[in-house]
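Asks: One letter stands for each residue in the lines below.
2 protein chains.
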Amino acid sequence: MATTYKRLKQILFGRPLASDRLEHERLSKKTGLAVLSSDNISSVAYATEQTLLVLAVLGTAALSYVVPISAVIVGLVVLVALSYRQTIFAYPQGGGSYTVAKDNLGTTYGLIAAASLLTDYILTVSVSISSGIAAITSAYPSLIPHAVALGLASIVVLMAINLRGVRESGMAFSVPTYVFIVIMLALIVTGIYRGMMGHEAAPSAGPVRVDPVSAAHTGIGGPLGFALVFLILRGFAEGCVAITGTEAISNGVGAFRSPSARNAATTLGWMAAILATFFMGTSYLARHYMVMPTPNETVLSQLGHHIFGGGALYLALQYSTFAILVLAANTAFADFPRLSSILSGDGYMPRQFAARGDRLAFSNGIIALALLAMVLVWLFHGDTSSLIPLYAIGVFICFTLSQVGMVVHWWRSKDPGWRWRATLNGIGALATAIVFIVQVLTKFTEGAWVVVLIIPSIILLLRKIHKHYESFSAEVRYAGHAPLMFLHHTVVVPVNGITKPVAGALVYATTISDDVRAIYVDVDPGVESQLVADWKAWDIGVDLVVIPSPYRSVLRPIVDYVKALTHDGDADLVTVVVSEIVPRKWWEHLLHNKTALYIRTAFLFRPNVVVTAVPYLLGHSARLSDLMSHDETLDEENGIASRAPVIAETVRG
Amino acid sequence: MATTYKRLKQILFGRPLASDRLEHERLSKKTGLAVLSSDNISSVAYATEQTLLVLAVLGTAALSYVVPISAVIVGLVVLVALSYRQTIFAYPQGGGSYTVAKDNLGTTYGLIAAASLLTDYILTVSVSISSGIAAITSAYPSLIPHAVALGLASIVVLMAINLRGVRESGMAFSVPTYVFIVIMLALIVTGIYRGMMGHEAAPSAGPVRVDPVSAAHTGIGGPLGFALVFLILRGFAEGCVAITGTEAISNGVGAFRSPSARNAATTLGWMAAILATFFMGTSYLARHYMVMPTPNETVLSQLGHHIFGGGALYLALQYSTFAILVLAANTAFADFPRLSSILSGDGYMPRQFAARGDRLAFSNGIIALALLAMVLVWLFHGDTSSLIPLYAIGVFICFTLSQVGMVVHWWRSKDPGWRWRATLNGIGALATAIVFIVQVLTKFTEGAWVVVLIIPSIILLLRKIHKHYESFSAEVRYAGHAPLMFLHHTVVVPVNGITKPVAGALVYATTISDDVRAIYVDVDPGVESQLVADWKAWDIGVDLVVIPSPYRSVLRPIVDYVKALTHDGDADLVTVVVSEIVPRKWWEHLLHNKTALYIRTAFLFRPNVVVTAVPYLLGHSARLSDLMSHDETLDEENGIASRAPVIAETVRG
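Protein chains in written order, with the numbering used here: chain A, 112 to 764; chain B, 112 to 764.
Hints may be right or wrong, so weigh each one.
It does not matter which identical chain is meant; a pair holds if it fits inside one copy or across any two.
Said to hold, decoys possible - Okay, derived cross-link-like pairs now, DSBU-like style, lysine-lysine, Cα gap no bigger than 35 Å in a straight line:
#  : residue 1 : residue 2
1  : LYS578    : LYS696
2  : LYS578    : LYS674
3  : LYS705    : LYS140
4  : LYS696    : LYS141
5  : LYS575    : LYS696
6  : LYS647    : LYS578
7  : LYS141    : LYS705
8  : LYS705    : LYS525
9  : LYS674    : LYS705
10 : LYS647    : LYS140
11 : LYS140    : LYS575
12 : LYS647    : LYS674
Derived by calculation from the structure, the hints in this document are not laboratory data.
Kindly produce the complete structure, drawing on both the sequences and the hints.
Replies: This is the structure we're talking about:
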């Protein structure tokens with residue numbers, strides 16, 4: 112059974128890798144771009160669309176605002192990228208916002224950053240996969256009813272790939288990133304060229320104007336009303352989702368090949384340039400071709416139809432959009448487990464997240480991320496637009512904290528050029544703080560309130576875990592350097608008859624102590640006399656204690672007997688030895704009372720009581736009671752088996 | 112925690128009862144009628160309706176067949192009741208069809224009877240509860256959408272009541288039975304009186320005739336066609352559901368007060384008389400008032416409306432119908448656990464079904480029955496008509512086997528009057544065998560095939576369980592009467608540092624053997640040297656074995672080390688002692704690696720390896736490692752703690 116499991120695990124996740132192969136799994140710049148920047152670049156698949164969705168109440172007038180809003184966002188992208196470039200060099204070992212905020216602003220701000228990042232990573236997976244599936248269902252509308260199932264399946268596949276380890280995911284994922292980059296460039300260049308040649312007229316063509324019906328509906332008196340300002344701010348806030356993922360590279364510096372800081376910084380530059388081009392290009396084309404969001408087709412798919420027609424190039428656009436969004440989700444699969452491991456090392460997350468698994472990947476973090484993202488996709492029916500309002504808020508908290516942290520860092524370090532560096536990070540912090548406030552104010556009722564509740568809850572949880580580990584390590588700290596002591600040790604063996612499993616338990620009991628008591632719980636008055644007679648005939652030198660149980664409970668008399676032995680706090684040590692039947696087949700477990708389990712549970716919270724189950728393997732040749740009969744034949748005269756020499760290689764510490 | 116559970120259990124199910132109160136829980140005749148005959152009597156709520164449903168394709172012509180069919184069924188009732196009256200006296204200890212068939216026809220027939228009875232009891236609960244809820248929704252049609260939920264809730268309540276024990280259910284349930292009997296008598300008498308007075312004309316009045324549309328639709332040429340014969344046979348088969356439950360009293364003879372056989376026989380007579388009267392009465396009234404089944408109102412409810420109007424008497428009829436049907440389900444709650452216990456005692460069902468619980472009820476049987484019945488109600492959406500085709504088949508198998516068994520019994524015993532007794536049982540057997548064949552033939556496609564598959568499957572399962580217990584008891588049988596032997600015992604203690612839990616495990620290990628090895632699995636090269644230095648300084652006389660683990664697995668090196676010690680089949684005994692952290696709060700369990708659990712699982716199938724977890728209770732004052740420090744202070748010179756005397760009362764066997 113164990114072998115089958117091991118073989119299955121190897122087929123699915125590959126053979127175990129030794130620790131010294133860790134360095135070989137690191138990323139080149141090209142692979143790093145594919146693995147870590149896709150989150151950022153892929154947001155062109157939904158950022159323009161989200162802005163247009165908010166502005167849709169203005170009708171086609173929305174299109175006149177989308178390009179200026181996008182330009183402001185691109186300015187923010189450049190600012191944030193420059194800020195993070197500084198972080199990469201200041202923190203070449205990686206760690207990102209959590210490390211920067213913790214080091215420079217203290218634990219509380221570090222935890223705020225950590226909680227924001229954790230929610231952000233989970234939402235990265237949910238949003239990217241939902242949007243990627245939307246790219247597919249735009250091309251094949253008949254798949255729309257299966258969107259949620261497809262999304263869940265994609266996450267499971269991603270999880271499996273990541274459990275295999277980081278380099279393989281980099282290699283397997285480089286091609287689609289570069290295909291997407293090429294096709295997006297082709298889309299933008301062709302679109303602008305055909306637009307300039309006047310080849311195209313959008314289906315809903317006409318001069319850009321304010322639709323009077325929509326304008327009246329929203330109660331906007333004129334284009335300068337307060338409601339319009341609010342709408343534009345909300346459109347801006349939604350579009351800022353394009354900036355998410357900028358921090359991924361600085362969090363993952365440690366995954367790059369040496370010189371890792373320089374490689375990471377170059378990759379960050381490429382990423383920002385690509386994003387800026389694609390985002391501006393998409394927004395420009397959307398305005399030019401007058402594309403508005405619809406429920407069943409994405410804006411990018413509509414642009415593909417206008418510019419490429421419905422042929423192979425269009426399909427390539429949709430497939431590569433899906434692929435890059437899957438890679439975006441993969442970014443989170445690289446960063447979430449790494450952050451969990453750091454938090455775990457600092458005692459803020461369960462220890463199980465700290466260690467790398469067989470394939471040098473952080474298995475538990477990967478599994479936890481996949482499960483949480485699947486819950487979100489399921490709860491929100493795989494709808495990108497309902498997930499987006501939760502998404503960018505956490506990111507902007509991190510941006511702000513990280514950059515404020517960098518200001519403090521430069522202030523303290525007084526490195527060459529610290530003044531202008533601090534100023535740059537300061538401007539970045541101010542800008543992202545403003546964006547954060549805009550996000551919360553404009554999207555509060557759309558779902559932002561959920562994030563406002565969840566992030567403090569996560570912080571409380573992290574603190575609670577930390578407190579537990581702190582008090583735990585204080586409690587288990589062992590200072591004395593004393594020799595070990597021996598205690599008086601009583602062994603209690605519950606028996607239900609003279610059978611081989613009981614004999615096995617008694618052999619074990621007499622091996623570990625001289626003070627052994629067999630106890631029989633008598634639930635059925637009248638049966639016990641035969642057992643007592645048999646026991647006397649057996650004559651093994653162990654007393655049989657018979658306890659009547661008028662209420663037919665087997666467990667309670669045993670517990671009471673052991674309680675009486677230990678006298679609540681007395682110095683005695685009691686071991687309860689029970690025989691445990693281990694059947695050959697799983698269903699046979701249902702046919703045996705789980706007495707061993709019940710006894711173990713009953714004594715779990717009692718100090719100085721140890722419960723030992725002596726397994727009796729049904730259908731197995733060698734076992735304790737057989738040994739007994741065997742020794743009996745060998746040493747019948749003295750009744751004591753000779754002590755066999757121990758044959759085992761031990762390494763002296 | 113354990114105390115809270117105990118208190119909650121006492122509030123819900125009452126205080127535990129001692130075994131010697133068993134006799135006081137037995138049934139009087141009046142209570143016995145309420146508890147055991149309701150299954151039988153309550154079938155008037157649906158038997159007439161099921162016959163009419165089958166005949167409905169004939170239109171109102173159906174009404175001309177229902178009275179003759181009912182009369183034949185009443186004849187069968189009398190025959191079956193007379194047969195079972197003989198069984199009661201022949202088997203005064205109870206046991207019913209299973210016991211009779213097993214004793215006289217052999218194990219195979221006994222198991223067929225047992226399997227049929229088990230399915231019958233489960234269906235009794237599902238059918239009765241579904242039909243009872245239909246009585247309520249007939250009165251309150253707004254409850255129709257909640258029928259399934261109401262059914263499931265009723266079964267849960269029944270389960271809870273039965274877990275409290277049998278006498279209380281008898282007392283609580285007597286009143287509704289007698290109320291139902293009185294109201295049904297009132298309905299029949301009033302209905303016949305008003306009919307004779309010519310007070311009434313049914314809403315769909317007119318002379319009984321074959322509806323030409325329906326007749327044409329079913330393709331019946333004339334009233335004597337083969338299709339008509341088949342329909343009438345099916346109507347008869349459906350109506351035979353009225354006979355189910357006749358066996359309940361003979362199965363439960365043991366629950367009656369002494370003289371239990373005579374009391375049970377008298378009760379059986381009452382029951383048959385009441386059923387015959389009510390069933391004939393209902394069928395007669397249905398014909399007279401021309402009542403046909405409708406999806407939303409039961410036939411009995413329609414009769415109530417016609418005869419009582421819509422007032423208090425009508426509601427009393429509906430409520431008491433519901434109540435008697437709940438009691439019918441309760442019959443199964445008395446019989447299913449009792450049969451399970453008998454089968455368990457014979458080794459055909461898991462042992463957990465054999466023993467009475469705290470309240471002298473067979474808790475596991477009650478819970479199993481409730482769960483299975485709830486699954487059926489849920490699967491069939493609480494629809495009585497779809498459950499009925501599965502229902503009566505099992506019962507008629509039992510009737511036949513039981514009566515054939517009685518024929519053999521009289522033949523063997525040659526008791527006074529054995530000839531006429533055997534003849535009576537033989538006629539009964541023949542009649543019920545014919546009914547069984549009619550049931551299978553006419554209802555095969557309606558669901559009877561499910562039962563034809565399920566019953567053999569249950570028989571196979573019972574046999575498989577029996578085979579396991581047989582080979583188990585042969586395997587564990589201990590014949591030798593030898594003194595116990597001592598083996599060479601090596602104790603392995605995995606350590607992860609010098610902490611109090613580890614010290615506790617080491618104290619325990621040195622207490623149970625002289626050959627103790629501490630092992631440290633080194634997953635992170637470089638950390639171990641400090642531990643080795645600390646260990647040498649600690650100087651406790653236990654060797655530390657350091658095992659490098661390049662693949663970072665902690666478990667595998669421990670397993671390999673123990674394997675090397677035991678040499679697969681060698682005579683050594685190895686105990687692995689692990690410290691197990693027991694936190695104060697449940698969620699804290701998630702923060703600690705479950706090493707103890709993994710190690711226990713890894714060695715579960717290895718002979719001669721015992722895994723012992725030494726619990727370390729977080730936040731608790733007294734524990735092993737404290738004891739050690741304590742003794743250290745007392746006996747610092749010699750380093751050995753004195754052995755404390757054991758203070759505990761033991762009863763010598």
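Asks: Please go over all the hints and tell whether each is borne out by the structure.
Replies: Hints and how they fare:
no., hint, result
1, LYS578 / LYS696, "between (44 Å within a copy, 13 Å between copies)"
2, LYS578 / LYS674, "within (33 Å within a copy, 39 Å between copies)"
3, LYS705 / LYS140, "neither (58 Å within a copy, 40 Å between copies)"
4, LYS696 / LYS141, "neither (52 Å within a copy, 48 Å between copies)"
5, LYS575 / LYS696, "between (42 Å within a copy, 12 Å between copies)"
6, LYS647 / LYS578, "between (56 Å within a copy, 32 Å between copies)"
7, LYS141 / LYS705, "neither (58 Å within a copy, 40 Å between copies)"
8, LYS705 / LYS525, "neither (68 Å within a copy, 48 Å between copies)"
9, LYS674 / LYS705, "both (21 Å within a copy, 27 Å between copies)"
10, LYS647 / LYS140, "neither (81 Å within a copy, 48 Å between copies)"
11, LYS140 / LYS575, "neither (39 Å within a copy, 63 Å between copies)"
12, LYS647 / LYS674, "within (27 Å within a copy, 38 Å between copies)"
Taken one by one, the earlier hints fail for this structure at numbers 3, 4, 7, 8, 10 and 11, listed in ascending order.
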